[in-house]
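S.K.: These are the residues of each chain, in order.
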Amino acid sequence: MTAVLTRVGLALGLPVVLVAVWWFASAGSTDFFFPPLRTIVEVFGPTWFGERLVDDVLPSLGRLAAGYAAALVLGVGLGVLIGSNRWVRAVTEPVLEFLRAIPPPVLVPVLMLVAGIGNGMKILVIISGCVWPILLNTVAGVRAVDGVLEDTCRTYRIRGTLRWRHLVLRSASPQIVTGARQALSVGIILMVISEMFAASSGLGFTVIQFKDGFQIPEMWSGVILLGLLGVLLSMLFRVVEHQVLSWYHGSRTAQKER
Amino acid sequence: ACGSDEGQSPNAGEADKVTVGVIPILDVAPIYLGVEKGFFEKRNIDVTLEQAEGGAAIVPAVVSGQYQFGFSNIVSLLLAHSEGLPVKMVSNGNNSTGVDGEDFAALMVSADSPIETAADLEGRTVAANTLQNIVDTAVRASVRKAGGDPTKVKFTALPFPEQPAALASGQVDAVFVVEPFQQAVLGQGGRTIASSYVDTAPNLTVASYFTSQRILSENPELVKRFTQAMQESLSYANGHPDEARAIIGSYTNIARDVVARVTLPKWPAEVNRDSVQRVADLALEDGLLKEPAKVGDLLP
Amino acid sequence: MLTVDGLGKVYASHGRRVEAIGDLSFEVETGSFVCIVGPSGCGKTTLLRCCAGLLPPTSGTVTLSGSPVTGPPEGLAVVFQEYGRSLFPWLRVADNVDLPLRAAGVDRAERRRLVDEALDAVGLGDAHRAYPWQLSGGMQQRVAIARAIAYQPRVLLMDEPFAAVDAQTRADLEDLVRSVWQRLGVTLVFVTHDIDEAVYLGQRVIMLTSSPTRVAEDLTIDLPDERDQLTTRGDPRFTELRGRVYAQIQKAKLEGKAR
Amino acid sequence: MLTVDGLGKVYASHGRRVEAIGDLSFEVETGSFVCIVGPSGCGKTTLLRCCAGLLPPTSGTVTLSGSPVTGPPEGLAVVFQEYGRSLFPWLRVADNVDLPLRAAGVDRAERRRLVDEALDAVGLGDAHRAYPWQLSGGMQQRVAIARAIAYQPRVLLMDEPFAAVDAQTRADLEDLVRSVWQRLGVTLVFVTHDIDEAVYLGQRVIMLTSSPTRVAEDLTIDLPDERDQLTTRGDPRFTELRGRVYAQIQKAKLEGKAR
Amino acid sequence: MNALLGLAGLLGFGLLLEVAPRVGLVPERYFPPTSTILGELAGQVGERAFWVAVGDTVLTWLLGLAIAVALGVVVGVAIGSVPLVRAATSSTIEFLRPIPSVALIPLVVVLHGSTITSTLILVVYAAFWQVLVQVLHGVADIDPVARDTARSYRLDRWARVRYLTWPTALPYVVTGVRLAATVALILTITGELVIGSPGLGQLIATARQSGAVPAMYALIVVTGVFGVLANVVTRAAERRALHWHPSMRAEVPA
Ligand SMILES: Nc1ncnc2c1ncn2[C@@H]1O[C@H](COP(=O)(O)OP(=O)(O)OP(=O)(O)O)[C@@H](O)[C@H]1O
Ligand SMILES: Nc1ncnc2c1ncn2[C@@H]1O[C@H](COP(=O)(O)OP(=O)(O)OP(=O)(O)O)[C@@H](O)[C@H]1O
Ligand SMILES: O=[N+]([O-])[O-]
Ligand SMILES: [Mg+2]
Ligand SMILES: [Mg+2]
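Protein chains in written order, with the working numbering: chain U, 1 to 258; chain C, 259 to 558; chain E, 559 to 817; chain G, 818 to 1076; chain Y, 1077 to 1330.
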């Protein structure tokens, strides 16, 4: 019980302090661009818990989910392919690094030509950014498969799908999860970026609209919403990770204790 | 250019260093030209021109004192002003040509489009570079004028450079483009269905130069000199379109043959106050503004 | 019959060249139990990996029942020296034992029986649902052994399988291996650096020199087939054979130093 | 004098409670050589970590030369069971041995001498510039031993230090440890699960029961101080003592099972 | 060998983008073939403005990266070494990390306008998290046996950081730097593009606003080349700094 309280206390302590500092430091603010936190909190509800939730927030999240899922499939698939073949890796690495370095905002016009200006384009933008951390981590994970396990599979003639499922993917999964986690924060950023260019609704679009319309407290409430969203998704992620990687965390702890 | 001499700074000492935030588009040719011609220097103003992405970024920079002056379309300024930002117009920016079918900006459709007039846009999608701003306000004005219901038109935000391709591939039904993208759409066979800036108001002031209330109260005399220099620049540009075209090539990447073809805006020295009021009324009607703007406080 | 003929292996990587095995030849009769001893780093693991078809030799060949070994042959199981790394940490103990049987297409009921039997045999009947990392080193090693037993191989290669277990457990496992060998009629090659263990377990002990590795001696262990920890180790013949091996290794070591 | 008084250790983590040590008390005279044997998992490593001040006991105390041990005391060296993980992979062999000396502020020339001597003593005189991971397991363990020797500790704790080395090297290292002990007059606590080794090495053998751990017997080894692998192990008294320990452990094990 | 294969990969990619518009697979007007882009690039290379922009971009990028790495390492080691601090900060880090750096654009513009400083802040903010998270993982990865070894030999705090914490965290730091290098580059260009601070991004924006498609692609190619260079450099650094690490040992096939 006390352990739970300690954990909750540790998790909430600093955020509470920081929010309090912000609250009081901004209380009398007359700076147009740094409104009092109070004002921001006041506009938060009316701004987001109305039509906007359905019209802007949910579609954005839907696109994020679609893009993220596609990036996961693509990244893991390509990562396994590239990671398990030295030649493919050598040939593709510079091209991948080249593509990775191109900022998504300059990619948007190109993607528009390919996928139009609808949801397809925005999902592609999200994929184009999310795929890299997943891909690179998968490649690294697949390369790091333990040699003894590899030999074990060979001698026991564990091949084909059984090998992919029980050796390659599982042993790469901690790295894949690391990549997937990074991709999540990248995904939120790209959700915003994808709505910066060709949109008429969406969470990112709305925040930018607030910025351009000089509705600064509303804009801040959007930034906070994005942060909260990040926390929420990362908590969700942790739950999933706990399921997928319980063996990993267990074995790590065991190793440390031994 | 008239009456500019009387404001010439008597104190020939140190020049006032001034940064002006501009957007790399045709509209700001006069200030580039003015700087080159020495209209600012002779009033003891040392101008640095900073290119920013759009008016929305320039407004905060001017308010925070990063820039002393900035260039922005009037709807952005109306919005900023209505939200309580201390901005003040100091000079005209640029106006539509006022000639229907021959403006520097146009509402356009592709060659094979069934759309004939702006009224046909009901239920269709129009691309605008930003929403809740001057472009969609102007397009709605065209729809109204053609007898359509502007609330039935859907807008999607799309930067000007992407619009020609989006139109060609049928992703949007119409675009509202400025030069040089008007040339690009024409090049792919597009048709103009309305000159929305012309439809909005006669000789509409599209954009203007502005400053912050702080600069205005701390250094009204500098603002006055800047206004005079700007006015001289505007008039000069208006009178010397070839020189304006030449200078456009220096701060943009627009191909030389395109620069030769584009329709230039008009650059009158004075703000068309009625047109600003008219835009403010439309913005109120369209819901951009929640209450009537105090246009008088914003105007120079 | 497992035949090792003129086997040589050179590792060359990072500009470093190690001749792990010089020139090795020996035969292992089908169904026999051969122990291999040799100093640390003499190439025992390397030899085993070549026999398993996991490592291509630099020279020479390995033949199993007449056909050359180029990849892991069917019906072969290996218990690796690095037991900790040869179990799948994401699979429970029972699933670890089960996986090779699934790969071999054994049906579910049969698999279940084999897994239960094997885990019981190594004394882990109650650890089915544990993860390998929840077990001690010795227990992990026993899981690896259970996996090999359940697989019912025709050839079983074991690489220092008891290095991590305590004396008592070790004795139990030694007896287990012998009984499995007798029951299944498997061909067993057992690598160890414990001389007593080699003499106690095998029908033959092959002693290797330190690298470049050759066969120093191939000793037949003429102890009775029925062995147990107390009487066998007390047998004077056991002491004698053990002394032979010690002396041989001492000699090999001195030669190695002289070279 | 190292005094362990009423020592108990309970691991409680993840809702799991393991009583690793029940109630242990014994004393180790300054300069004496004590071996500790006990079944796997009985808490030998836990005991050593408490003695080294690396782990706070749940109950009881450890006292070294009169002062209670709360953190690692000066002049103490530990050779860890997981030799592979106690060497720094980013440092070369010589630097691994050197590091504690640098931390202790020994001057360069002296350090150099100590490192050279220690590596020579463990037979790794030519491995100075290798990285630990370029060595076989047995060689790595010897590096860890060399590091402890070079440090010239007053108290040396060794946790199954020879588990990974072959029989011959093991014999050599056993003799090395005895000679270091005699030369430096260090207080030596040596954990092993090899009964022969414990009897061969120590002046006393402390036998532990399986958990919750207590002292099963504390046996004085009255073999002459001059020992060598052949004569000592052949000595009938050796066989007798060895038998005593075996019997005791067997007993403890049966008791453990009965409980 | 690998370098040659990589070059072949790049050449193949270039060829693909040359052929696709030529055979009409994609509209040539918006997808100029590689040769056109390279031709345009050759033209740009001759101009001073191009090199000034490259200088600005590289400066912002490397400076931002350096600040982010230094900050990430120091903060990471400090937080990671004290379990209590680690526990107390983790929720805050989880909150701040996903706040999109693009959401900060209005903020930095207010503070610093369309200057390099604005972009720099974005770059540091985005890259910092990459390094920090990696360093935190790295510090948490210290082997307990190694830590006990250091303690039992009484290495002092500084020696522990120098000989234990730092080498353990180093592989993670290197990964962090690799990730951060790309993120920093992307944010540099994006910042210049959106905020309008001087650099390649601004040239890209100008090219876009002018409808100069090949010029825009030429500049994008330059960004990509920077990305490849960054990878080459960090890879080489990795090989030197981590030659002892298992991943590097396995680099050469057995
Ligand atoms: N992958 C490798 N690359 C380079 N050298 C290697 C490799 N594997 C083993 N060696 C070297 O080959 C020699 C033989 O190694 P091997 O592992 O076969 O010895 P071993 O007899 O099994 O030793 P141990 O008793 O310690 O397990 C050693 O010198 C070792 O350093
Ligand atoms: N950090 C820990 N957390 C929980 N339980 C532990 C921890 N360390 C050891 N144990 C448990 O305490 C008991 C004693 O462990 P310890 O490592 O001291 O045994 P040991 O005698 O050294 O065994 P071995 O001979 O295998 O090295 C075991 O049951 C073990 O599972
Ligand atoms: O300045 N304009 O937004 O056209
Ligand atoms: Mg081996
Ligand atoms: Mg132990």
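Derived from the structure by calculation, the hints contain no laboratory data.
Treat the hints with caution; some may be incorrect.
Calculated from the model, a selection of chain Y residues having no Cβ within reach of chain U, i.e. all distances over 12 Å [what the hints assert, rightly or not]:
no. : residue
1   : L1117
2   : A1125
3   : L1138
4   : A1142
5   : T1191
6   : V1308
Computed footprint of chain C on chain U; a stretch qualifies when at least three of its residues, placed anywhere within it, have a C-beta under 8 Å from a C-beta of chain C [what the hints assert, rightly or not]:
no. : region
7   : 194–203
8   : 209–215
Glycine is no exception: its CB is placed at the ideal position from the N, C-alpha and C atoms.
S.K.: With reference to the structure, classify each hint as holding or not holding.
M.R.: Now the hints, each set against the structure:
Chain U leaves L1117(Y) outside its interface by the beta-carbon criterion, the shortest separation being 14 Å against a cut-off of 12 Å. Against chain U, the non-interface label of A1125(Y) holds: every CB pair exceeds 12 Å, the least being about 19 Å. For L1138(Y), the shortest C-beta to C-beta distance to chain U comes to about 14 Å, beyond the 12 Å cut-off, and the non-interface label holds. Distance check for A1142(Y) against chain U: the nearest CB is about 18 Å away, which clears 12 Å, and the non-interface claim stands.
Every Cβ of chain U is farther than 12 Å from the Cβ of T1191(Y); the closest lies at roughly 16 Å, confirming the non-interface assignment. Chain U draws V1308(Y) into its interface by the beta-carbon criterion, the shortest separation being 8 Å against a cut-off of 12 Å. Counting residues of the region 194–203 of chain U whose beta carbon lies closer than 8 Å to any beta carbon of chain C gives 4, which meets the minimum of three for the stated coverage. Counting residues of the region 209–215 of chain U whose C-beta sits closer than 8 Å to any C-beta of chain C gives 6, which meets the bar of three, so the coverage hint holds.
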